Amino acid sequence: MATATPTPTPAAAPGGRRTWRTLPVVLQLRQSVGLQRGMLVAGLVLTGIFLFTAIFAPLLAPYEFDQLRDANGPFGAQAHPSSNHLLGTTVGGYDVLSRVIWGTRTALAVIVVAVLLSFFAGVLLGLVSGYFGGWLDRVLVVVCDAIYAFPALLLSIVVAIVISGGQSSLLGGILAAAISITVVFIPQYFRVVRAETVRIKSEAFVESARVIGASNGRIMARHVLRNATRTLPLILTLNCSEAILTLAGLGFLGFGIQPTAAAEWGYDLKQSLADVSSGIWWTSIFPGVAIVLTVLGITLVGESLNDLADPRLRGRRAAGDGPPPAGTVEPGGAVVGSGLATGMPDAPGAIEGYSA
Amino acid sequence: MTTAEPMNTVVDISDLEISFATDAGTVDAVTGVTLQVQAGEVLAIVGESGSGKTVTARSILGLLPETARVRGAVVLTSKDGSDSQDVVPLRGSALREVRGHDAAMVFQEPSTSLNPVYPVGWQIIEGLRAHGKYSRKEAREKAIDVLRRVGIPDPEERIDHYPHQFSGGQKQRIVIAQALVLDPGVIIADEPTTALDVTVQAEILELLRRCRDDFGAAIVLITHNMGVVADLADQVAVMYQGEIVEQADVRTLFSAPKDPYTQQLLAAVPRLGQGVEHTRARAARRAEGWAEAAPVVEARDLRIVYPGRLRKPDFVAVDGVSFSIRPGEVLGLVGESGSGKTTIGRAIAGLTKVTDGSLQVLGAEMNGFKERTFRPVRERIGFVFQDPAASFNPLLTIADAVAEPLVVHKRAKDGGAARPRVDELLEAVQLPRAFGDRYPHELSGGQRQRASLARALALQPELLIADEPTSALDVSVQARVLELFDELQKELGFAALFISHDLAVVDLLADKIAVLYRGQLVEEGTGAEVLGAPKHPYTQRLLASLPVPDPDEQARRRTEWNALRE
Chain A
1 MATATPTPTP AAAPGGRRTW RTLPVVLQLR QSVGLQRGML VAGLVLTGIF LFTAIFAPLL
61 APYEFDQLRD ANGPFGAQAH PSSNHLLGTT VGGYDVLSRV IWGTRTALAV IVVAVLLSFF
121 AGVLLGLVSG YFGGWLDRVL VVVCDAIYAF PALLLSIVVA IVISGGQSSL LGGILAAAIS
181 ITVVFIPQYF RVVRAETVRI KSEAFVESAR VIGASNGRIM ARHVLRNATR TLPLILTLNC
241 SEAILTLAGL GFLGFGIQPT AAAEWGYDLK QSLADVSSGI WWTSIFPGVA IVLTVLGITL
301 VGESLNDLAD PRLRGRRAAG DGPPPAGTVE PGGAVVGSGL ATGMPDAPGA IEGYSA
Chain B
357 MTTAEPMNTV VDISDLEISF ATDAGTVDAV TGVTLQVQAG EVLAIVGESG SGKTVTARSI
417 LGLLPETARV RGAVVLTSKD GSDSQDVVPL RGSALREVRG HDAAMVFQEP STSLNPVYPV
477 GWQIIEGLRA HGKYSRKEAR EKAIDVLRRV GIPDPEERID HYPHQFSGGQ KQRIVIAQAL
537 VLDPGVIIAD EPTTALDVTV QAEILELLRR CRDDFGAAIV LITHNMGVVA DLADQVAVMY
597 QGEIVEQADV RTLFSAPKDP YTQQLLAAVP RLGQGVEHTR ARAARRAEGW AEAAPVVEAR
657 DLRIVYPGRL RKPDFVAVDG VSFSIRPGEV LGLVGESGSG KTTIGRAIAG LTKVTDGSLQ
717 VLGAEMNGFK ERTFRPVRER IGFVFQDPAA SFNPLLTIAD AVAEPLVVHK RAKDGGAARP
777 RVDELLEAVQ LPRAFGDRYP HELSGGQRQR ASLARALALQ PELLIADEPT SALDVSVQAR
837 VLELFDELQK ELGFAALFIS HDLAVVDLLA DKIAVLYRGQ LVEEGTGAEV LGAPKHPYTQ
897 RLLASLPVPD PDEQARRRTE WNALRE
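Chains A and B, in that order, give the protein sequences.
Residue numbers for the first sequence follow this note's numbering, so the first one is 1 and each next one is one higher.
Residue numbers for the second sequence follow this note's numbering, so the first one is 357 and each next one is one higher.
Since the hints were derived computationally from the structure, they do not count as laboratory data.
Hints are all accurate, no fakes.
Straight-line alpha carbon distances no greater than 30 angstroms define the calculated DSBU-like cross-link-like pairs of lysine-lysine that follow:
| id | chain 1 | residue 1 | chain 2 | residue 2 |
| --- | --- | --- | --- | --- |
| 1 | B | LYS726 | A | LYS201 |
| 2 | B | LYS709 | B | LYS668 |
| 3 | A | LYS201 | B | LYS769 |
| 4 | A | LYS201 | B | LYS668 |
| 5 | B | LYS769 | B | LYS726 |
| 6 | B | LYS709 | B | LYS766 |
| 7 | B | LYS726 | B | LYS766 |
| 8 | B | LYS668 | B | LYS726 |
| 9 | A | LYS201 | B | LYS766 |
| 10 | B | LYS846 | B | LYS766 |
| 11 | B | LYS709 | A | LYS201 |
| 12 | B | LYS709 | B | LYS726 |
Selected chain B positions facing chain A (in silico; Cβ < 10 angstroms):
| id | residue |
| --- | --- |
| 13 | GLY706 |
| 14 | VAL733 |
| 15 | PRO761 |
All values reported here derive from a predicted model rather than from experimental measurement.
For glycine and all other residues, C-beta sits at the position ideal for the given N, C-alpha and C.
Sequences and hints are given; from them, build the entire structure.
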């Protein structure tokens, strides 16, 4: 049972492997039923809207993010929603709708950079640390534990100050935000990959590679890495939503990106603080809703993927619906000796499905 | 079977159908099973893994996962015959009432079926608490009593011990005590001895026999070991692909099996003494001067010690073992778990460090070896692992995995270039070429182990180490793999170290048998010598404990074993 077999599916059967149906997310969508499917679909729709808005922001937004006036003169500050400004304008005189739409781009850029950086750094460190062990492993684990001990946002602020030093260019701002998020996220990837590597290192197939005489580099790349990254997509999605929150937090505290460099929801929220008490609702509600919906969407996707990846949490259609699949039953095809240890039945099909 | 008086029938299963909802759709695990268990009788359900035997037995306790759908009736009658009900529709408290009281379960792995954080007494008393009112003192007395009856020494004291303070066999006794404490009408024992050593297995079987004779419990015994069936069972039901193909009393089944599947199953069971002829034939074929050839493996006073943790003494896994394997010779290494047999195999492959003494492998000294200098020697060693499912990288196709040694040792540039050779190898182990494109999980256990053999032989090694290569396989599959191993050995002439806990399997293949006991080599010789006239008391005990697949013969051996025990 300890073997890490990719979840076998009908599509993984001989003849039809590796089609678009077996792609991540698509596969999970096909597997899910009931409430889990609802959660996943809702998450995918929200995330889809977010991505669509980010990509087509220039076409969707009526104005530029830093535009204060048009042919008819200045927009004016804190204007009510109207036909010219569907969601009104901010205290600084920006169009709220445009700021919200352009904000998706900033959020996306930060997510991509932050997650990519932490992903590669964390995975590499975790792999090396877990595989070789020894003093390097101990030092890295202590460093990562130390980073965990800091409040994430506080650490991000420190890093943001160190990197940008108060600068506010677009690239500088995004990089500062992304790197400060990266520092917080690396330990997560590090931990997961390291734990998996330590486990896989003692698996029979790694020993078998050692007996064959494969070098350490080859074993790490070919046998350990690919088997260690299975849970990473889940962390990845969850980290995306966390990245947005951290970015918004930084902006809210004034360590984010300046309004002239890019639109950023956290900054807009901060500016609208004073408006709330004077009855100006449109400046705070919309950036806030944008943050909530984006985070909700990505979290829903991540959580449902998490549930679906675990056969014990995954709901299934009741037995008896649909025809029994032909040719998938393989008597003696699975290692069943431990059927009890895992609490799973001695049924061939069930074990096939559970052997992930 | 249906003529039995209804009063005596404790379990009456009729037209049972169980199907599971899986990712691959609905899978029928059991189709149309009808069975009766009479009071005070042992019914053995035998079959391969996946035949539905466990699921059938678990349905008696309603112990099926949520994804299961059950049709048919499982009527459970309480021991005194006063109460009788269908378990299938039961839920919640009604089901709990039945569990433990009318039917109890003994699990396969005693080390995982006891909760490590509670004393064993507490766990036995838990069952009592669930089914009646007992004062603390009464419950404790009852638990002590049942512990004594299952043969735990000093039960008054040991009742407060934790599971880790007991040996594997004792833990299984405690699990049986847990099942017996409420005096159930039927005990379901799911492979109760599979995880145990042969000598311990014999004792647990003896205990189960007493459960029947002294406690009057009926036992549903699930097993794939025909020797165990011959030893314990009164009735036997053979299951295949979710159906019962044959049901008979134990003598009839072993002497005149009717169904072809049963015949095949019985024929596949390895029996002691089969190998003698075989060994003689092999010895006759050897060339002159073979005995003088330099051995491929030579161990002298080999000692392997696992360093203990803080303030714990070191563990001596192998203690002063000397043996040698000459070219083309098969040495069978037999021993129980913890005897050091796997450690020796791993040391030869350079996976475990040698502490003391000398171990020469193909001319290289393993005491203080360096990976860099040993790597060229690795080409000449093949290794077959115990669990074929775990020894393949799940993300590589079989062809890639088999090509791996070729690529690593630069015989081929990549997997594609090695493909012709891989196809040859797959054919040599009787797998269709097309299997090369499959992933390990798409193969059955036996097919995977054959692929594993193909990988081990890819570089035409001079030495093959096989570490329990068939212990994870079903009997019928095991027979085919062993046959293949023998054929390949004959053809390619490699020397082999064949490690197993099963004397009968080793006897089939090995030229010489070495018996390990607690890290020491207690006996070495040809199959005829070791199995025919064992000298060391441990070997004698080991031989006597091995149940043979013949009820009458086994009954005779049991008396011998009892005599030996005293």
